[in-house]
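A.B. asks: Okay, here's what each chain looks like letter by letter:
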Amino acid sequence: DQQVKQNSPSLSVQEGRISILNCDYTNSMFDYFLWYKKYPAEGPTFLISISSIKDKNEDGRFTVFLNKSAKHLSLHIVPSQPGDSAVYFCAAAAAGNKLTFGGGTRVLVKP
Amino acid sequence: GAGVSQSPSNKVTEKGKDVELRCDPISGHTALYWYRQSLGQGLEFLIYFQGNSAPDKSGLPSDRFSAERTGGSVSTLTIQRTQQEDSAVYLCASSLARRSSYGYTFGSGTRLTVV
Numbered sequence: 084d085q086q087v088k089q090n091s092p093s094l095s096v097q098e099g100r101i102s103i104l105n106c107d108y109t110n111s112m113f114d115y116f117l118w119y120k121k122y123p124a125e126g127p128t129f130l131i132s133i134s135s136i137k138d139k140n141e142d143g144r145f146t147v148f149l150n151k152s153a154k155h156l157s158l159h160i161v162p163s164q165p166g167d168s169a170v171y172f173c174a175a176a177a178a179g180n181k182l183t184f185g186g187g188t189r190v191l192v193k194p
Numbered sequence: 137g138a139g140v141s142q143s144p145s146n147k148v149t150e151k152g153k154d155v156e157l158r159c160d161p162i163s164g165h166t167a168l169y170w171y172r173q174s175l176g177q178g179l180e181f182l183i184y185f186q187g188n189s190a191p192d193k194s195g196l197p198s199d200r201f202s203a204e205r206t207g208g209s210v211s212t213l214t215i216q217r218t219q220q221e222d223s224a225v226y227l228c229a230s231s232l233a234r235r236s237s238y239g240y241t242f243g244s245g246t247r248l249t250v251v
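Residue numbers (my numbering), protein chains in the order written: chain A, 84 to 194; chain B, 137 to 251.
FYI, nobody ran anything at the bench for these hints, they're computed from the structure. From the three backbone atoms N, C-alpha and C, an ideal C-beta is built for every residue, glycine too. Don't take every hint at face value.
The list that follows gives simulated cross-link-like pairs (lysine-lysine, BS3-like), each with its CA atoms no further than 25 Å apart [said to hold, decoys possible]:
hint	chain 1	residue 1	chain 2	residue 2
1	A	K88	A	K137
2	A	K181	B	K193
3	A	K88	A	K154
4	A	K120	A	K139
5	A	K88	A	K151
6	B	K193	A	K88
Simulated DEER-style distance windows between Cβ atoms [unchecked claim]:
hint	chain 1	residue 1	chain 2	residue 2	range
7	B	D199	A	P162	48 to 56 Å
8	A	D138	B	S194	29 to 37 Å
9	B	S145	A	R189	18 to 26 Å
10	A	E98	B	Q216	43 to 51 Å
Could you build all of it, start to finish, from the sequences and the hints given here?
C.D. replies: Rendered as structure tokens:
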């Protein structure tokens, strides 16, 4: 039972354009959501998070949007840069510290 | 240390052998987690330690897998009688275990290959 799903395994975008990554979840108890970025041979690193009491959180070029009624969140990266090429994981938590991760989306930013 | 340290970084083992993977969390982090990432897959939760509480072992895939955390610090994940499907990158993470601090710090992982 995959509680957190990232339906797009890969995304290719031109440098300078917007990257939009999507994530869907099924567990209505999830109340905190995060995005992680992973480069090859490295552990994932925390990127941005959002609490369920908000619908948007912005940090520089990264913005996360949460639509609770649709159980959907998205990550916008604008403008995309070649260094953003990585695998991005969506994660969610419910009243505790254990995170449930999605399958990841591989982003390629073309110069 | 400054980050989460995992050893070894790579391990090749023969099917049927036992392996031990080690994780040194960030000093002061009370929560420690093990995840694994199989080829082309997402991060699969294995086990979670929080302070002196009983660990959450709900993600361990079989009784061949076990983990312990000694003195609230270093953790060892043991896989007995390894199988080829155990091949994956095993990731350890630690955190302050506060709801305001879900930002786990991950180690670089141990790539386990069972041949």
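A.B. asks: For each hint, tell me whether it holds in the structure or not.
C.D. replies: Outcome of the hint check:
For the proposed pair K88 of chain A and K137 of chain A, the alpha carbon gap of about 21 Å is at most 25 Å, so the pair holds. Note on K181 of chain A and K193 of chain B: the hinted pairing holds, with a Cα-Cα distance of about 11 Å set against a maximum of 25 Å. With a CA separation close to 11 Å, the supplied pair K88 of chain A and K154 of chain A stays within the 25 Å bound. A C-alpha spacing of about 19 Å is found between K120 of chain A and K139 of chain A, which places the hinted pair at or below 25 Å, so the restraint holds.
Note on K88 of chain A and K151 of chain A: the hinted pairing holds, with a Cα-Cα distance of about 15 Å set against a maximum of 25 Å. Straight-line distance between C-alpha atoms of K193 of chain B and K88 of chain A comes to about 23 Å, which keeps the hinted pair within the 25 Å bound. At about 50 Å, the CB distance of D199 of chain B to P162 of chain A agrees with the hint of 48 to 56 Å. About 31 Å separates the C-beta atoms of D138 of chain A and S194 of chain B, a value consistent with the hinted range of 29 to 37 Å.
For S145 of chain B and R189 of chain A, the hinted distance range of 18 to 26 Å is satisfied, since their beta carbons lie about 22 Å from each other. The hinted range of 43 to 51 Å is satisfied by E98 of chain A and Q216 of chain B, whose Cβ atoms lie roughly 48 Å apart.
Checked against the numbered hints given earlier, the structure satisfies every one of them.
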